[in-house]
Amino acid sequence: MKWFSLPAIVVYLKEMRESLRDRRVLLNALLLGPLMGPVIFLIILRLAVAHEVEQAEKPLPLPVIGAELAPNLISALKQADIQVLPPIEDPEGAVRSQQRDVVLRISADYANDWRLGHPAQVEIIYDSSRREANSQVQRLRNVLNGYSQLQSAMRIIARGLSPTIMHPVVIAERDQATPQARGAMVFAMLPYFLVFTAFMGGMFLAIDATAGERERHSLEPLLINPVPTNSVLLGKLAAICSFSLVSVAISLAAFAIAGYYLPSDLLTIVVLNVGFALRALPLMLPLILLISIVQTLVTAFSKNFREAQTYLGLIQLVPMIPSLVLTILPFKPQLWAYAIPLLGQQLIFMRLLRAETISLVQSGLCTVTTLACVVGLYYFAKRIYASERLAISA
Amino acid sequence: MIEALGLHKSFGNVNAVQDVSFEAHDGEITGLLGPNGAGKTTTLRMLYTLMKPQRGEVRVDGFNTATHALEVRKRLGVLPDARGLYRRLTARENIEYYARLQGLSPAAIAPRVDELINMLEMNEFADRYTEGFSQGQRVKTAIARALVHDPRNVIFDEPTNGLDVMATRSLREFLKQLRADGRCVLFSTHIMQEVVALCDRVVIIARGRVIAQGTADTLRWQAGESNLEEAFVKLIGADAGELE
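One line per chain: the protein sequences are A and B, in this order. Under this note's numbering, residues 234 to 627 are what the first sequence spells out, in order. Under this note's numbering, residues 22 to 265 are what the second sequence spells out, in order.
Since the hints were derived computationally from the structure, they do not count as laboratory data. If you're wondering where the values come from, they're calculated on a predicted model, not measured in any experiment. Each hint should be verified, as a subset may be incorrect.
Here are the computed distance ranges between Cβ atoms for each label pair [unchecked claim]: (1) A:V272 x B:A128: 47 to 53 Å; (2) A:K615 x B:T236: 41 to 47 Å; (3) A:E621 x B:M140: 30 to 36 Å; (4) B:D202 x A:R254: 33 to 39 Å; (5) B:K73 x A:E589: 53 to 59 Å; (6) B:L91 x A:R616: 47 to 53 Å; (7) B:P132 x A:R254: 55 to 61 Å; (8) B:P127 x A:L280: 34 to 40 Å; (9) A:G546 x B:L91: 33 to 39 Å.
Chain B regions said to be covered by chain A (calculated; three or more residues, Cβ under 8 Å) [what the hints assert, rightly or not]: (10) 37-50; (11) 121-135; (12) 160-174; (13) 187-193.
Here are the simulated BS3-like pairs of lysine-lysine, each with C-alpha atoms no more than 30 Å apart in a straight line [said to hold, decoys possible]: (14) A:K536 x B:K73; (15) B:K73 x B:K95; (16) B:K73 x A:K615; (17) B:K197 x A:K615.
Quick reminder that beta carbons are idealized off the backbone N, C-alpha and C, glycines included.
Bound-form chain A, shown alone:
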């Protein structure tokens, strides 16, 4: 028997041929699924960086109450590109009602205290629960601290002392995060996008190949051909995997390309390039097998197309759990964590992004356990496919 006459191959070729004629399958597998992740990613990162830059560079409008009491302070503010506005009534109310992000009030005793050498008070009125205003408040605080330190240094020099006596302890920070590691925090959702793509790539085919065939009454005639049900299952799984694999490959390529268009300060801190794509692809292979079997099983238990779609939509959220856990509760991964399918792969992808080394034990462990699940679920699917209830249309 020639290879192309093997029943599993016959089923595979037919599933591929039919799917390639289905616009919905193609759209999902080749366009929507694989490109959604990279595009969303690029947009979010660009927006985030643009926002930060804008906040840091544009003049900060600041209503000041009592500006006439501290002309030197005001000119220091103006030099720092802060736009000093006339005082307003009820500054607390204006901040609370979000009309103003931040207001500065110079105490009525300021001039007097200054002259006597007492601490002179200024008040920053803001709302710390408003995250978007925080960078402005921080900027104002830095300017005020700078002014204060400069003045104290000058007073000390005026008394013939060295300004260094003000700093008995000097703190020098040595952050051990590699630049890549800091960047990787932003990328915590990237592994999920890859898994999501693997789901999307094969989803419509998986539904079509079992629940769809049953709903359209073509499964019963198919299964009474002189072909082991095992071969039918294998052929269908192979077709689902092919679509899933192509989806993931396109997605990885898109991420690799997106890597070159990242804002330049992120470009230096995360490794998202062709090398990443080439190393991630083989790690995705066992996962693609696992996902296609899970999808086939789920659709075998669904009564029709719609039900299968609902279940698969829910299952698609499962791989989000490791990503969310890693984002919200970053824990130090022990070796056992790599043995959990989905979690293991996501941990490894994060390490790849952070340009950290991956031991053979880590990647081997996660591959072996995933493949073990594949084998177990395959036997389960095989039994379902051989059961007489599968073919009977509702």
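Since chain A is already given, all that's left is putting chain B on it; use the hints.
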């Protein structure tokens, strides 16, 4: 040659088929006649190996379905109750798919498919996607793919369901042609006229049991009626129609 020996099948508490035995011979058309819900489809599903009987056994050309399922399937051409086609394949591609699954050699496929397309008068629509086919076109395609491997035994589940008069007539002629080729033809129906028009042997089934079998003449004689329809009603009991 198809032999059913003491078949029994229940789903939960419902005894769908109880102790059903009959034979369908080569060169004959055998009709499985019964009201809807009598157990015809379940019986046929056991014959074509989709379901396993809980008791009893099925032999096709001497092969037991329980031990030689693949061998049996090669010898059967089946038009099941479910006759869905693949929408994004043409009628020809649908038939070719089954030819490959039946293990026909690549060189034999094209001539065989052409032969069936001519025989069933499908030339007009053979190369169109099956989406939007009429009921008659669907049934023809389903029959062609069922017969692509030239099986000696043919099982049709309610083949004329949903067909118009002309399509029904040509289907009957086709069944007679299969008989003339010396094949064993078994089909189920709930329509009396069909049996009268076609069958050499009749198996009457009601409430999951065979209640009479034999040639049309024997059955008339058994019931003491000259009209087969009267004989049928008498044999299955007047309330059988309520089983639906």
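Going down the list of hints, with the structure as the test:
no.	hint	verdict
1	A:V272 x B:A128: 47 to 53 Å	holds, 49 Å
2	A:K615 x B:T236: 41 to 47 Å	holds, 45 Å
3	A:E621 x B:M140: 30 to 36 Å	holds, 32 Å
4	B:D202 x A:R254: 33 to 39 Å	holds, 36 Å
5	B:K73 x A:E589: 53 to 59 Å	holds, 56 Å
6	B:L91 x A:R616: 47 to 53 Å	violated, 18 Å
7	B:P132 x A:R254: 55 to 61 Å	violated, 26 Å
8	B:P127 x A:L280: 34 to 40 Å	violated, 57 Å
9	A:G546 x B:L91: 33 to 39 Å	holds, 38 Å
10	37-50	violated (count 0)
11	121-135	holds (count 6)
12	160-174	holds (count 3)
13	187-193	violated (count 0)
14	A:K536 x B:K73	holds, 22 Å
15	B:K73 x B:K95	holds, 17 Å
16	B:K73 x A:K615	holds, 17 Å
17	B:K197 x A:K615	violated, 40 Å
Violated hints, listed in ascending order, are 6, 7, 8, 10, 13, 17; each of the other numbered hints is respected by the structure.
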